Structure formats: structure tokens, C-alpha cells
Amino acid sequence: MHGRPRKSATPVDENASALKAAKIRSLQTQFLQNHHNNIYTKEALELNAKLLEINPEFMTAWNYRKLAFEHNISSQSEVEKADSDHIKSIIDEELRVVENALRKNFKSYGAWDHRKWVVSKGNSSTERELKLLNLFQKQDTRNFHAWNYRRFIAGLKNISDEKELQFTTDMINDNFSNYSAWHNRSVLLTHLLEKKVEGYSPKEIFLTEEYEFVRNAVFTDPDDQSGWFYHLWLLDQTVKVDMPIMISSWPPCGSDINLPIANKVTFPVVLYFNETVKGLNSHTVSVETESDVSKDITWSPLSTNKFGCGQAWVTHLSIPHQELNSSKTYEVKIRSEDSQGITSLSGVPCSQPWSFSFRVSVCLDEKQSFGKITFTDESFCTIDTSLKSIQLLKSYFEVTKSDDEHPTSSKWKLEMIASEIAQYRELLTWAECKIGKLTLARLLMAHDAMMSTGTSITHVEEVLELYSELMKLDPPHYQYYKNEHSLVLLKQMTSCMESLLKYCWQYKESSSLNITGSICLRLNSLSLSRIGSFERLLWVQSLDLSHNQLHSIEGLEALQLLSCLNLSHNKLTSFTALEPLRFLKSLKVLNVSHNEIGAHTVDTRRYLCSSPMSHTLSYDPSFEEFANGDDAKLVNFWEAYSIFGGLNLMQLDVVGNVIVDDERFVLFLVKLLPQLKWLDGEELH
Amino acid sequence: MAETESYPPIDPTNFDLIVVGTGLPESIIAAAASAAGKTVLHLDHNPFYGSHYSSLTLQDLTSFLRSHSEIPKTNPPQSDDTETLDVNPRPLYSDVEISSYDDSLEEHSRKFNLDLAGPRVLFCADSAVNLLLKSSANQYVEFKNIDANYIGDGNGNLMNVPDSKSAVFKDKTMKYSEKNQLNSFFKLVQGHLEAVKSVDVAVDDEKIISDEDLESPFVVFMDKMKLPPKIKSIILYAIAMVDYDQDAGESCKDILKTKDGIDRLALYHSSVGRFPNALGALIYPIYGQGELPQAFCRRAAVKGCLYVLRMPVISVLLNKDNGNYKGVKLVSGQELTSDKLVMDPSFTITSSNSPSNVSKLARGICITNSALKPDISSCLVIYPPRSLYPDQATSIRVLQLGSSLAVSPSGKFVFYISVVCDNAIEGKKSLQAAIDDLFSLHSDETESKELKPTLLWSALYIQDLIEGSVGPVVMTPTPDGNLNYNDLLDATSKLFKKLYPDDEFFPETSNTDSSDKIEDDSEVVLDS
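Protein chains in written order, with our numbering: chain A, 1 to 685; chain B, 1001 to 1528.
None of these hints come from the bench; they were simulated from the model.
Quick caveat, the model's predicted, so the values are computed rather than measured.
For each residue, glycine too, the CB sits at the ideal point set by N, CA and C.
One or more hints might be untrue.
Unchecked claim - Partial selection, computed: residues in chain B whose CB lies under 7 Å from chain A:
1. Phe-1064
2. Ser-1069
3. Val-1168
4. Lys-1170
5. Lys-1172
6. Asn-1180
7. Asn-1183
8. Phe-1185
As the list claims (entries may be wrong) - Away from chain B, derived, C-beta distances all over 12 Å, residues of chain A:
9. Ser-8
10. Thr-41
11. Glu-46
12. Phe-106
13. Thr-220
14. Lys-434
15. Glu-469
For reference, chain A alone in the conformation it holds in the complex (with noise of 0.2 Å):
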């Protein structure tokens, strides 16, 4: 129940559960004694009942309660088994010892799921069960397990969507400020969703009058959140595209590209999609260079947290190196398959076919030798926009929306949204509300988002000036808006090309460009806390995040070009903010100097502190061996083994962070990388 004061115990409660205590101890004993004897008599079953009702939460004797059933049920004699009222006692009296825990304690798991249990088992009214629960949910509106229970009475009995929807309206009519009601209407809409029900398709009908009803709410009290919890689902509703698509890709869709040649050519093909998806593989998305359809070839998903999926995927290429002729161009030619095959997590397939090719060419390798590399406003000049990669960033700005989507339910998509701003805007003049301007700068991203192909994004100031007022507003909440902050900053960087253009410079000395490449992203110094819109960054080979926020680079993984990174003065805290890195296969030089790497003990951050017996990241049996001799900071430079051991670095600074005063970390770094030539601006041997 909610909003009830606790008492103070007084000595006479003190008194009172000394002796409850004691009861429930000599219940107990003999509960496990007869529970380890496997004694089912009535007697044993009638000692077990009394423990319940005074502890409800004890698990092991709901699970004695089920063996006993099952024991009953099974060992009946055949006079009993005739009579279907023998076992329909027994489950009453099960059913009138959950009730009686219930009312000691309506939130106890296990009574409720022994319920559950006994109820699937059948025999029993639902008339019964819907009065229980009628009682329950008078008693406590939001009790979430009530409603839990409602959900399965209702899947096991058949009782109608729309019944429940009923149900849930008069519980939202009586008092609005109950999640669990529009949880439940949430979940009960998106069954009415999926069956395509009379009355709930297309969609728009119903989300209209949602909006309408849920607007009442939010209008009463904007400081109520839970109906502002139910218009987020229902914004996500109206803007989910309802499958996959690939976005983005490197290279990009009829792009030439022009390779170095080395020993060998290789390249990643990166595919980025708008939400993780699973399922890419050799069936699945077919490459073909030069009408040769490649068998063996293999997609990894780009992802540091979960397996077998990703945003992104990749896989490399590479032209067969008798070929290699400067003169030649290849074309290569990248389709879905079978794009019922990749699905997202939910399970929806990405049923629209799509297609991309580009061509690449080969160029000789003007083997140079390898300098330092800064970062500095020194070494940069503005760009000249007449560079040929200018030409492949540009593609990532040509409309590539596919128009999958019917005209007149975009329309209104983009009409309910513009009406929703309106509404809230309205709201916000007299109500000073953090959830009324979280949900506006939501709705207008969605407009933004609905509006853009290519076109510049309308509402970013109003929405970054939404964010900046929720920072001040809701202190506890700050580094959530900071990072909403970032990304919109971020989405409006990369809005266009000329906006884009305005964050890329151009290396004076050319010495070292075929580590570079010729542009380098600078978003330093922007304050930025997240990073994202990877889907227009695809091309960065040299990025610089230096002097930002930075907790996570997490999606930079994407970026399979990247060869320069910058994260100097961030606030990284440890080298399992760094895990995006052990994708990122072509990285030269790194700069993480002036992080706080080492500094904080236990990252509070994760659920697991990363260790070689964490299973976050797979084990490498070798680093034991590695790391002989430096046990004592195992863990630190676990970390570092895992992320840099894959990486062939040429330049590294790591100065300025806590873990560096331990100069056995400098001399295990340094063993570690061992084509490493600078560290801290020092040339190494």
C-alpha cells in the first residue's frame, strides 16, 4: 500500500515478535523434518498451512506444498480418483491457504505463484479467481502482482483483450495515477496490435483516442508520471518503424574507394541498421565483386554487450592479390538474400530486400615512415572541399530513406505529433514540469526525425534548450539529460553535410596520411557526454573527442576506419569504457592522457567488476602466463590486456591518469604493444 507512515516498534511489539519468532522456529523444525521424511499426511500438510499464514515468504514450503500435491494426486486409490470432488478438495484447500497467506501478506511471490501453479493445474473457477483479485485490486489499486495474476487468469480462461481493456479504463476512470493500469493497457493494446483486432487497425484510430484519453491525465496533474509513462509508449508506437532497415553502410552506395595496397588488400564493409538485429550472415546478405558471388563469407556483429547481435556488422574483404592492378576497378555488389532472415531482437524480419554497390581501386602504397602524430589546432588546416573524400562523405547525405511507408499514415503520424507539440507547449506555459519537458523535447526529436530526408532539423535549439533547463531543474537526473543533450548536439553536427563540414580539418603535413587519411573529425571541446549518429559517421578514419565528458564511447566500435582517436581529458574511469577498442582492428594511435582511468577502485558503473573470472569478456589463458610477476594490480591490467592485446598500436598516451603512477603498468603496456613507437610523446628504444 502506498503513502502509509511506519511505526516505531514499541517494547510490547518487540515483546510480541520474540514470540512469533519462537512459534515460527518450532514450525519450522518440524516442517523440515517432515519435508525431509517426504510425510504428506494431512496432519503434516496442516502444520505446513500454519507456518504460511504466518510467513508467506518461506519458498521451501510452497515447494513442500506442490511434491505433496502431486503426491496426493498421484497415490490416490481408484475409489478416490472416480470421485472428481476428491481432487477438486484437494485444490480448494490449496486455494484456501494461498488466500490466507494473501491476506497476511498480498505482495508474497510465493503465494502468488503457488497459486498460479495450482490454478493451471485446472479444475478451478474463474468466477472465483476474478472475485479474488476484484478484492485484491479495491484493496491496493497498483498491486502489481494482482495484476500479474489478472494477466494470467485472463491468458489461461480466454477472457477477451478488450474485456481487460475495459477493465483497465475503469480502473484509470476511478484514479488515474496507477502505472500498473496503463501498464496494462500497454500490453493489452499491443496484443490487439499484433492480431490486427477490428477496431484497433490501422493503428491510428486507436492511438488517436489514446492520445485523447491519456492527454486528460497528463492535463489534471502533469506532476502525476504515470501517465506520462504511457504517452512515451504511445509516442514509440506512433514513430517505431515496425521492422528493421539498413541504414547506412561503408563504403557507402555507389561510392568509389580507393585502397593503399599493401601486403594484401583488405577492407571492412560495415552495414548499419536502425535498431540491433540479428541474423546476418553468408545466406543471409550475399556479396558479389565482379559478377564472383563470395562463398565464405563471414559477419560479425559489432557489439560489446550482447552476442549474436549488433547495430552493426562487418566483414572483411579482400581483392585476390594477383589482381592487383592499379588500373582496375572492381565492383562489389552487397544484397539481402533472405531478409526474412535477419530479424531484430523481438523477432520482426527486415522483410524489405535492399542493395548497394560501390567500386574499389587499388593505388600503390608509398611506403613512409611514421611520425608523431598530435593533435593540436597546429596540425590542421580548413579543409578544401574540392578532396576526393569529400566526395564519399558527401553520400551519406543523399536521401536514402526509402519511402516504405504509407502516405497518408505518415501524414497523420506527423499531424498527431504536431498537434501533441502544440498541446504540450500549452501545458509547459503554466505548468513548470520536468516529465511535460522531457516529453516535449521527445516529441520534437520524433517530428524532427519524421521530417528530415536530408532537410535541416527544425526543432534541435528548442530541444537542446529543453534539456539544458531539465540539467538545472532535476539535479539527480543530470547525467541523463547530459547525455540526451549530447546526442541531439550531436544529430544536429551531423544533420548535413555543410554542418558536418564545419567539424572537419584537414592535416597540414601529409606524411602520415595513409594512417589519417586526409580529414579528421574534431568534435573536441563541445562538452559532449555520449556519442552517437554513427550511422553518418561511418567514413572517420582520425576523430578527436578530446576535452568532452566522456563516461562511455560505447557505438564507436562501428567505426571500423578509425586509425587516430583522441579521448584525452574525458571522464573515462576505466579501460572497460574503453571495450568498443578491441573492434576497432585498424587503430594506430590512441590518446586516452588526462582520463580517470584507475582512479575509482570499483567501477559502481557495472553489475561485475571486469576480472579474468568475469565472463563480460571471454578469458584469454595466456595472459596468465603474460602477466607473470605482476599479480598484485591483476585487475587493472587485465583490462588493459583485454582491450589493447588485440590492437597493434604505434602511439599511445596515457599520461595523467591514476593508473600510471604505477610504473609496472608502463613497463606491462610497453610489452604489451610491442610495435608501440611513441609513448607519452616519447619515442620508445
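Assemble chain B onto chain A, guided by the hints.
Just chain B now, kept in the frame of chain A:
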């Protein structure tokens, strides 16, 4: 002397208290005095309980109104000695106008229980309900909730009163901005009340409404909170149940202060949901308001009070030595003595000066063949000032009751209308305006568009408003113009305090501890 024989002699002849009239205040005093251990004789010259608070059949109501509106023949003083004062009837009603458009109603006369003092309801959390529980009189009455509250716009439209958070949410007529403003105001008031109640003063200090605002007129405070006229009107007239136009400025007779407005809002909101089986804020006793005085009379009888109906008192006896009250003389000729006497306002005693300029109240009772809204059996309708006609100075309240409350035969609906007024003309004008807005007169006229209930019968009358007074004898107040009994009960308990300063007004009985009380609470309302 056949006449005297029909009046049985009363024994004993000396009491602590004699009460004349069985209206609600008299019945409560009788019950309270009996509970305090006094010997009480309760008399009424009518053959029924309730006096001016009773619920009567159609015929009885008609004759009661007629008989109490005639200027009585002033009896020649029966004795001119200083030891007796003559008791004369005082006509409380005037301008009685009874119209019947359907003769068949007379046949069902006995199936009606018509309140003399309607419209009146109880708020679930009001002092009348508390008193019923405290005195255990609740066991003799059953209630049902009033299904809906409406506010009339004067054009025949009735809008639901958005009187709680969930009602605001459900309302279909208000703009979103209005919903926000109204609920924000509810929250402001609630926040204030909680902050005032909370022990920890520092926590919610900023939520407390300043003393300056509390003393200012409620309407000024609402203006300060930027509430639009529509919302102000809902709060003032349909929730706080204010009589006089609060926007009339200086000329308004009774300006509601913010603190009182807040109390009324609090009463309303604590009424919603007090009893799990009552849906709204308002409840009404099954069989009519007349059940309430009877319940208290029964309570008094349990405690030993003696009851004699059809027993007029003809004169008051005074003590020869000091001229103080001594006893009463009954129509039977019997003389009874007591320490104290309480009389209902139907009488004047020759010595006491009747107030010359009494306030008036216009009441109307209407019977129709259908309800205002098809599925709503009982409802309250408020016409705020100026809603029906430009110079309507006070709000008009209408209560519709159906046969589910056992006040009418099935298919017939009873409406009570009341409005405070300066004079009969003004009062009648208001009543008529409400009637015109709600009903159509003849069913045969095929105004198919208007689905208004057809008026079958009506009684319009003006009632004098007389407050309770303490003279040689205690006089109880007439029914007032409020929707609930709060003011009447206040006045009654004050009269009791005057009578018995040392006795508690219904002491808390020892055998009911607080946990029983909660169970009692839910028994107040019995839904069928």
C-alpha cells in the same frame, strides 16, 4: 367532555425537560438530554414525527402547508393572570401555490414521501453523519448516494461537476487548460491542509496559504490564483455551495472567506470515498429526510424519553414568585412541570416578541414522469447566480430523487428546489426560472426535440427563516437554506450547551472502541 377523554393523562407529571415539536433540532436535544440521564417528555401536536423536517404523503404535505400558512385566529387571552402565557401557532409558510396537472397522482398520494424542508442531503464526512454515528442513531436510517452533480448553464444544458481529481480526468466538456487549473487548485488546497496538519512545520512551509489570503474573500484568492470565471463558479457554487453572488462586491450579503471556502472544499473532498459503497460526496436517507428526526427520537426513547403525539400545548406556566418558567398546560387540561422547556418555531408565546423582519426562503416541490438524464435516478443541479437571468442574485439548488430512494412511486421523480430571497416575488421568480429551464409543462405538445421531464404537480412556497433563541423557553431554529445540516447542528448543539452547560453533547460510549467505529462507518450507507 368527550374531547379530554381522547387525550390520555400523562404520568409522571414532572420532568427535567419537556420538548415540544419533533423536528430535527428538538429530536436531537431530546436524544442528547436522555443520553445525559435527564428525564424527558417529548410532545408533538401532529400525528407524525418530524414537524417541519418531516417527509409526508402528497395529501398530508398539502394540508400541512395550507394549515401552517393561515393567519391563526388570535384566541382571546384565556387568562390574564401573570402565571400563564398563551401558546399560539405561528405560520411559517406563505404564498403557498399548489398546481396539479395530473389527477392520477392523488391516487398514489401515499406512495410519496415528500420533504417539507428540501432540498437537503448529507455530505459523507459532515457533522450530521458524524453525529449519527456518535449517537448510534445510524442504526435506524439507511442511505444511498446521489448519483450525479450537475451545474446548469441556463440554456437547458447540465454539465457534470468536476468535483474530484478523477471527475476532472473523466470530464468531457472542460478544456485541457481548465482541467489543469481546477486540479491545480484542488492540489493547492490539499497541500495547504496537509501542511497545516503536519507536525513538522519546516517541511511544507511554502505550501501554507498566508493568513492574509485566508482572511481575504475566497473569490479574491481565486482571482489571485488566476482561475477563469467558469472554474471559479464551479468551485464556489457547486462544491462550496455558496448562496450569494460572490462577484457582486459590496452588495453581496455574505462573502465567503478563503479559510471557510477551503474548509468547505475539504469537507467535500473528504466526503468523496469516505464510505467504500458510496460513490460521490452526497448521500440521502431512504424514505426521506423525515427519517432523521425519527431516528433521534428512537434513540431518545431507548434512553427513556417519553413520547406523546397529537398532544397540543396551550399555554406555558410561569412561577408565581419570580416569573420564571415552571411548566406547560396541555390541551387535555393536564398541567406538567419541568426544569426546562424546548419548543419548535411553529409557536409563539404571547410574551415573546416575534422578530419583525425575518429572512425568507423560497422552496419548491415538483413531480415529473421522468428523470433529467435517463440513467441517473438521483442528482443535484446547481444554478449559479446570474446563470438563469441577469439579476439572479443567489444560487438555486435542485435535487432530483427517484423511486430507488422510496420517496416516489416507480416512474415518478421528485424535485426539490430552494433559493434564499429577500421577498416572495423574488423567490418565486427564481423558482419559476429553474422550473422553466428543467421541465416542460404539457406532455401533449409535441416538442420532440426537447426531452425535458413533464411537470405533473408542483408546490411553491415561501418559508420564514427563524433562528434558535434562548428566552424563558428555548426555541429551536427553522430549517435553513443550506444543502446540509451543518449550521443547524451547530445551532442545536449550542442550544444544548445553554440548557445543560455541564453535560456532554452525546458522550462517547465506552463500549465502542475505535476499531469498531470503522466498521460502523461502512454501515452508514447501504446500497441495494
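Hints, one by one, checked against the model:
1. Here the hint on Phe-1064(B) is broken, as its CB sits about 43 Å from the closest CB of chain A, past 7 Å.
2. Among the interface hints, the one on Ser-1069(B) is violated; its C-beta lies about 48 Å from the nearest C-beta in chain A, farther than the 7 Å criterion.
3. Against a cut-off of 7 Å between C-beta atoms, the interface hint on Val-1168(B) holds, since the closest Cβ of chain A lies about 5 Å away.
4. Contact between Lys-1170(B) and chain A, as hinted, is supported at the beta carbon level, the nearest pair being about 5 Å apart and thus within 7 Å.
5. About 9 Å separates the beta-carbon of Lys-1172(B) from the nearest beta-carbon of chain A, more than 7 Å, and the hint is not met.
6. A least Cβ separation of about 5 Å between Asn-1180(B) and chain A falls short of the 7 Å threshold, and the interface hint therefore holds.
7. The restraint placing Asn-1183(B) at the interface with chain A holds, with a minimum CB-CB distance near 5 Å, inside the 7 Å limit.
8. Given hint, Phe-1185(B) at the interface with chain A, is violated; its Cβ is 12 Å from that chain's nearest Cβ, farther than 7 Å.
9. The non-interface label for Ser-8(A) is consistent with chain B: the shortest C-beta to C-beta separation is roughly 15 Å, beyond 12 Å.
10. In this structure Thr-41(A) is separated from chain B by more than 12 Å, as the shortest Cβ-Cβ distance comes to about 38 Å.
11. Against chain B, the non-interface label of Glu-46(A) holds: every CB pair exceeds 12 Å, the least being about 30 Å.
12. The claim that Phe-106(A) is not at the interface with chain B holds, since no C-beta of that chain comes within 12 Å of its own (minimum 17 Å).
13. For Thr-220(A), the requirement that its beta carbon stay farther than 12 Å from each beta carbon of chain B is not met, with the minimum near 5 Å.
14. Non-interface status of Lys-434(A) relative to chain B is upheld: no Cβ of that chain comes within 12 Å, the nearest being about 16 Å off.
15. Annotated as non-interface, Glu-469(A) keeps its C-beta farther than 12 Å from every C-beta of chain B; the closest such distance is 20 Å.
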